[in-house]
Amino acid sequence: MKNFTSIDDIDNIESWIQEAREIKANPLKNKKLGKHKTLGLLFFNSSLRTRLSTQKAALNLGMHAIVMNVSGDAWGIEFGDGTIMNGNTAEHIKEAAAVVSQYCDVIAVRAFPTLIDKEKDESEQVLKSFVKYASIPIVNMESATGHPLQGFTDAITITENSPKKRPKVVLSWAPHVKSLPHAVGNSFVQAMQKMDVEFVITNPEGYNLNPEITKKTPIYHNQKEALKDADFVYTKNWSSYDDYGKILNTDPNWMITKEKIGNAKFMHCLPVRRNVVVEDAVLDSENSLVIQQANNRTFAAQLVLKKILENL
Amino acid sequence: MKNFTSIDDIDNIESWIQEAREIKANPLKNKKLGKHKTLGLLFFNSSLRTRLSTQKAALNLGMHAIVMNVSGDAWGIEFGDGTIMNGNTAEHIKEAAAVVSQYCDVIAVRAFPTLIDKEKDESEQVLKSFVKYASIPIVNMESATGHPLQGFTDAITITENSPKKRPKVVLSWAPHVKSLPHAVGNSFVQAMQKMDVEFVITNPEGYNLNPEITKKTPIYHNQKEALKDADFVYTKNWSSYDDYGKILNTDPNWMITKEKIGNAKFMHCLPVRRNVVVEDAVLDSENSLVIQQANNRTFAAQLVLKKILENL
Amino acid sequence: MKNFTSIDDIDNIESWIQEAREIKANPLKNKKLGKHKTLGLLFFNSSLRTRLSTQKAALNLGMHAIVMNVSGDAWGIEFGDGTIMNGNTAEHIKEAAAVVSQYCDVIAVRAFPTLIDKEKDESEQVLKSFVKYASIPIVNMESATGHPLQGFTDAITITENSPKKRPKVVLSWAPHVKSLPHAVGNSFVQAMQKMDVEFVITNPEGYNLNPEITKKTPIYHNQKEALKDADFVYTKNWSSYDDYGKILNTDPNWMITKEKIGNAKFMHCLPVRRNVVVEDAVLDSENSLVIQQANNRTFAAQLVLKKILENL
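As you go down the protein sequences, you meet chains A, B and C in turn. Residue numbering for the first sequence follows the numbering used here, starting at 78 and increasing by one per position. Residue numbering for the second sequence follows the numbering used here, starting at 78 and increasing by one per position. Residue numbering for the third sequence follows the numbering used here, starting at 78 and increasing by one per position.
This is chain A alone, in the form it adopts within the complex (with noise of 0.2 Å):
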């Protein structure tokens, strides 16, 4: 594997899910293989677990991880092609991604979308641009469309919570006071897509997800429905897809609660906004697991970077 941008850079996702466990069961057996390499960690926004799990899964491989936040760092980067730089921005991201790939052995960035331009979020600029001009492997730590490092440790959060061989996973939107990137639903449901799990998305209508993503997925506006014997519920908000960007609904009834969602696994991918997404008696639950989820980002990213020095 040279990148690691996508979901669908996971070729099988049993067998990644299966050396990820390995790696949570024995995280340092690998720590001579990062001996003298570095990873660049870039910081286009805000991170709490990213910034932290993909640091910790370093430092368990040997690597050297040196953090940067792009915009309070160093300076404002132009992406745009045969653009005369007159304006705010100080340095083109061909030179940008060019030097840093002569620091540092991997690259990671994240990069959230503006929710205000689709075209400009799904052409992906900032992440591709670094896959295009950099010399040395990316790693997607959050995009504007995806968010596979989630999305993968998602996956090993389920398999390893299973209460039986195919459970039924559902993915629900929840209300939220800010507009919110498609990312997380989005690289969720392709890694649902990948495993052996009956899957639905219940959303309220006008937030249906970019349907090249959800494919055949069936979705419900009718969220009681969608729940019904429900083994893992998975809460997210994100903006409008159609109206790109725009908070088109609120409604409270859409919360995920103790009542709604009985012994199903509650998960999310955190932060979460409480008594807002979900109630304090689900997350304060043992059916939560959140803090878990949070747990096997470091192994999720530990095998992506795994196989990527492998790979070098």
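One should not assume that every hint holds.
You can't tell identical chains apart in this list, so a pair holds if it fits in one copy or across any two.
Stated by the list, open to error - With a Cα cut of at most 25 Å, we get these calculated SDA-like pairs of lysine to any residue:
1. K197 <-> N352
2. K323 <-> G164
3. K293 <-> F156
4. K109 <-> D182
Simulated from the structure, these hints should not be mistaken for lab results. Keep in mind it's a predicted model, so treat the numbers as computed, not measured.
Since the structure of chain A is already known, use the hints to place chains B and C on it.
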């Protein structure tokens, strides 16, 4: 020792000072103790000495250190119980603390007071929430009401420089242009109360520290009287405790001068505003211990981390 | 060597270049030299290449690197002598430099000029204050008037690419939308004056660099004449030195084009504004050395740190 949140966590200050001085004499002696252990340093506020000395202490013990400025790097954190999180905070401390606990082996936290809401500050919401919701040890890098790493450092420094068995130590308030916390004053008072020293406090009327902390320590409103025959003069500004967070007095006559302290050793936790809190002639004299104090921060932190690591 | 603050600290540039190229060929050769040593990188300003390459150099030598953005992470620093610190600065450089000296073994500092107060900038207050008040070696990561790590890097890159024993090197001013420092230009001039090259400068009237630095180096106001038969064209914008910090000229005819430089190698320290300073056709051609220059930053820094560590 599980957590280090207060001077009260020091069971025997004399033996701790002895151990810290042994570390100072041989800082790399325990360089294998922290192998494959990670210290997470979380800053809600600015820091220079604490940021660098605590990292240095971790490195001396062979630990990895991961630094995060919570506000700038990650998400606004909610501390309220049962809050409907539809405002500016995006992540609850319940999740944040539990999650970070999985990427690190020890968490160190800095979170200053509001200086507006006394009750909230005295509840030590941030520090105590980390203690409550984290599953790993917590080190206080200055909280709303205490800075025990500094207080312990100061006890070490006094021991190193004491001209006699039972020196006279004076904590003197000094003027400042901003409203400052009581944390350093409080922890110094608590550390001195555990030491075999003659200890008095001097401050203007209206500036007495929390009486639950000062207890029976004599408080003089006449600075000259308090400073008489002092061996150590520890200077620090704090805002009013009674008229909480207010600046009631900026009288430059409270500034520490060479004339006032004579041959006494001068101490301050730094950063210090020259010629406001203390005149240049004192800071630039041989009697100033401020640089030595800052150096001892490393060994105070290293002993605390050592005790925590030994107990993991 | 104690400090590295200026190109003048290079005693023999030819032998330094030779040593840096040996490091480039075998970057981990001295990986034990920096064991248990810590490099503190203090940034008063933005940085990408310097931030990453200097950390990389430290890692290659086995050093720890601790990075701090002074303004965001710590306290406003006062540099004035005798100041009554009742304004925005909270800590004096006397304390800051002495304190950091106790946590690190080498300090690297970046502090840009005001471009408003020529006298202040030329006093190199920040850099010289660190040299004066720190007790450990200081490395200049770009100061008000010099960027010697860049100048030395450029000398390495020219040596690596020279088509002849005594190549012609032209430093050409180019237009820019912001008022920029003279540091890179100055250090490049000083490096070239130590090399066996034919060196000329070209810039519009009113843009001559400090004559105490350019000395007898020929300055052309006719760019075309200067570029004739050039082997290397080093381009950089700077604001006026005589009319200090002002932008007197934004004439796009000074932009570097493929037509102008023909087969000469193109150099720039980066970040560079495309199609303002230089056109895409030059940067994207095989004659551009900008990425190689950035790579050599690591080995320039590594040689400087190596010489300092050997002298500790």
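Results of checking the hints against the structure:
| no. | hint | in the structure |
| --- | --- | --- |
| 1 | K197 <-> N352 | between (33 Å within a copy, 23 Å between copies) |
| 2 | K323 <-> G164 | between (28 Å within a copy, 18 Å between copies) |
| 3 | K293 <-> F156 | neither (34 Å within a copy, 42 Å between copies) |
| 4 | K109 <-> D182 | both (15 Å within a copy, 21 Å between copies) |
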